[in-house]
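Generate the whole structure from the sequences, applying the supplied hints.
Chain by chain, the residues:
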Amino acid sequence: MDNTRRKFLKLAGLTAAAGVGATVIGSKAMASGAPAHGAPAGHGAPAAAHGGGHGDVATGVRQAIVIDTGKFNDNPGLAEKCQQACHSYHNVPDFGNPKDEIKWIWTDKFANVFPEHSHYKKDDRISSMDIIAMCNHCENPPCVRACPTQATFKNADGAVMMDFHRCIGCRFCMAACPYGARSFNWRSPRGVDKEGHPFIEKMNPKFPSRMRGVVEKCSLCSWRTKKGLDPLCVEEANKTAADAMIFGDLNDKDSKVAKLLRSKFTIQRKPALGTKPSIFYII
Amino acid sequence: MVNKVLKGNGLYWGWLSLLLMIMGAGAVSYLVQFNYGLGATGMSRDVTWGIYISQFTFLVGVAAGGLMLVLPYYLHDYKAFGRITILGEFMAIAAIVMCLMFIIADLGQPMRATNVILHPSPNSMLFYDMIVLNGYLFLNVLCGTVVLHSEYKGIKYPRWIKPFIYLSIPWAISIHTVTAFLYAGLPGRHFWLTAVLAPRFLASAFAAGPALLLIIALIMQRTAGFNVGRIAKDKLVTIIGYAAIINFFLVGCELFTAYYSNMPGHMHTLDYLFFGLVDHSTGIMHNNLVPFMRAFVVMGVVGIGLLFAARRAKSDAMLATACVLIFVSFWIDKGLGLVLGGFVPSPMEHVTEYVPTVVEIGVAVGIWATGFFVLTLLYKMVVAVKRRSEDLLEIE
Amino acid sequence: MYDKVKVFIGLAIFVVAALSIVGYNMSVGDKDGFRTDGKPGPEKPAGHEKCVKETAYMQTSHMVLLNKWRDEVIREGKRELVETVGGEMVEKSLQNGCLSCHVSKIKFCDRCHEYANVKPYCWDCHLAPVETPASKEAH
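Those protein sequences? They're chains A, B and C, same order as listed. The first sequence runs 1 to 283 under this note's numbering. The second sequence runs 1001 to 1396 under this note's numbering. The third sequence runs 2001 to 2139 under this note's numbering.
In case anyone wonders, no lab produced these hints; they're calculated from the structure. All residues carry an ideal CB built from backbone N, CA and C; glycine is no exception. Just so you know, not all the hints are guaranteed correct.
[What the hints assert, rightly or not] To be clear about the criterion: a stretch of chain A counts as covered by chain B if any three or more of its residues have a C-beta under 8 angstroms from a C-beta of chain B, and this derived list gives those stretches: (1) 92 to 101; (2) 145 to 157; (3) 185 to 195; (4) 266 to 274.
Below is the structure:
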């Protein structure tokens, strides 16, 4: 199903490149979306979203993380440690204000991370809990669809990547991301604040910084996972609480994540949007 | 023909100098932004597009609005528009120039803008937007100048230009449709995720574009003795009036769908725009845009009423007032509320408000001034050519 | 012709002004980074004989190679090590590969870039190794 639609869209794209009016293409592309969906992904699809959903054939690698929120709740400060591990390694600046803020991994309340799962009579534990949020490395990433230069794209491992060299800073991906996972360099991350304090406290010489005018976000530590290492946040979390975060290949039946997802009830953020997030939460 | 822009009275030169000064201030503002980064604007992590993209969106509409003058004249041979069709085409040129400038102003890395061409991405609506906007600019420059130049030489325009004129008609629809698709295709932004967005864009464009044109025509009637003619004015009233009514109908459809279905995601932004929205994690009420959006409704409705009354009363003053009301009203709707509202609440359901900075407003006003500068030069040419050809007719 | 004198004075001023730039460049600048023939002399890293390609290729086309590496690493996930001509294995990375041998940006990259007046944007993001007093010091 998805495959035929994709082929059609590609064909439509080629036709457009050949110079046919874009309105026609637009309407065709829209029209093709409707029958191809069959049972539309949008309506009440949470169940379908797990493990690929929609009868997709699982091909290739699809990296995923399962987050055990209970373990984070039992270990206050653990999420902050994960954030610290990530941000300090990746030279993520701290501007000290929400307007310029850049973050790859952070926490928020349940009602903010899962607005569509939220309701009036939540138990006290859930209401008070801080939940980790990060890029979902969606299987159908709206940001990748929106990007006009392919500066953001899906790599062969299923991670949604950023090519900072190519980003023109149009921020269409930020409008497209339903998870608020993307940050923009509104000003130079290498600068200093009024007191002369640098935004990147201690530069990690092993990793680049970014320049102003580009979008950035979590890269699922593709530079580590290629070497067989866990992402930094996962590694850091498991130092304190074993299996607080589990990383692995969703498409490998025998991987730890795949087994865990078969045995535990997990939820994803905004599954009704059809993005198929690769970050799963045990609540 | 082009030399006509070099002859003008004191008012003409005064107006151009004023625009040049504003453009200069805009250029300085842009330099500030270029050196500091887009952080010099009021945009933030949560509201990632501000007045640049909202002006862009609105002005694509103004450009597309030119269609309402081209279509009756060329497709239905509506002679009464003979004097103003060219104004529609030239207004589209100025509007597209502004659109492109607003896009460049909004880029974090403007020096890399050509990446859109070097790495073409047919999956992105911005890719198509680039094609249709530049294409529309080309078509209007071509058709406008060829037709005007023919008139200057006192001959009928060549036949080969006809296909381009016909092409420009669906092309006008496409520019605003694709612009609407930028927004309407994003999951998780409920306010934009609506099939009536493109129709609504077109309706408001077909009102705001001709309204601006009529305002300018009425000014030119005073300052340059360029009379549009009563019949053309009356016809424009019909076009602007119905388009404006359709826009309000579509706004009403949005309101019904959101509030009757009672779905929070669909109501949030409308709440924010018309009543104010409380951030449930802080308990703070946010309602910056409420007075604007209410003004949009009031000015729009009053404007429509006044528009038809003006036709009945044959009053140019009333007509101008009505057009200003409708233009400003729809500017608030699309040039402010639509883009800014879409970012509230944020994907994490926080409410962050946006207030443009002085630098940002300076850049925006500078770009508007550039648009009017281009428009003034183009219209100066039109008036000169029209006067000349009419003098020739009288001699004959 | 009128104003012949003025024209010649103007021309003379232009020639002097144009030549003064050349003169300025000859009189100032860090002579240490230059070879005896006046061309820039980037300092080769000590203890490493060969780069990932022959010197002639690296001199003219290192930027092509860097762009290729960039695309391979980020976009295609090809992060395997590369072998130098001398048989060493290095990471396919500007920051963690190239600069692990070429430990001084000032004495290696900048010498040619300044001579050729090119300002690559690499350093907007990528970090140069911390220049030790020894590496900064001219030898």
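>> Which constraints among the numbered hints does this structure fail? Numbers only, ascending.
In response: Of the numbered hints given earlier, the structure breaks none, since each of them holds.
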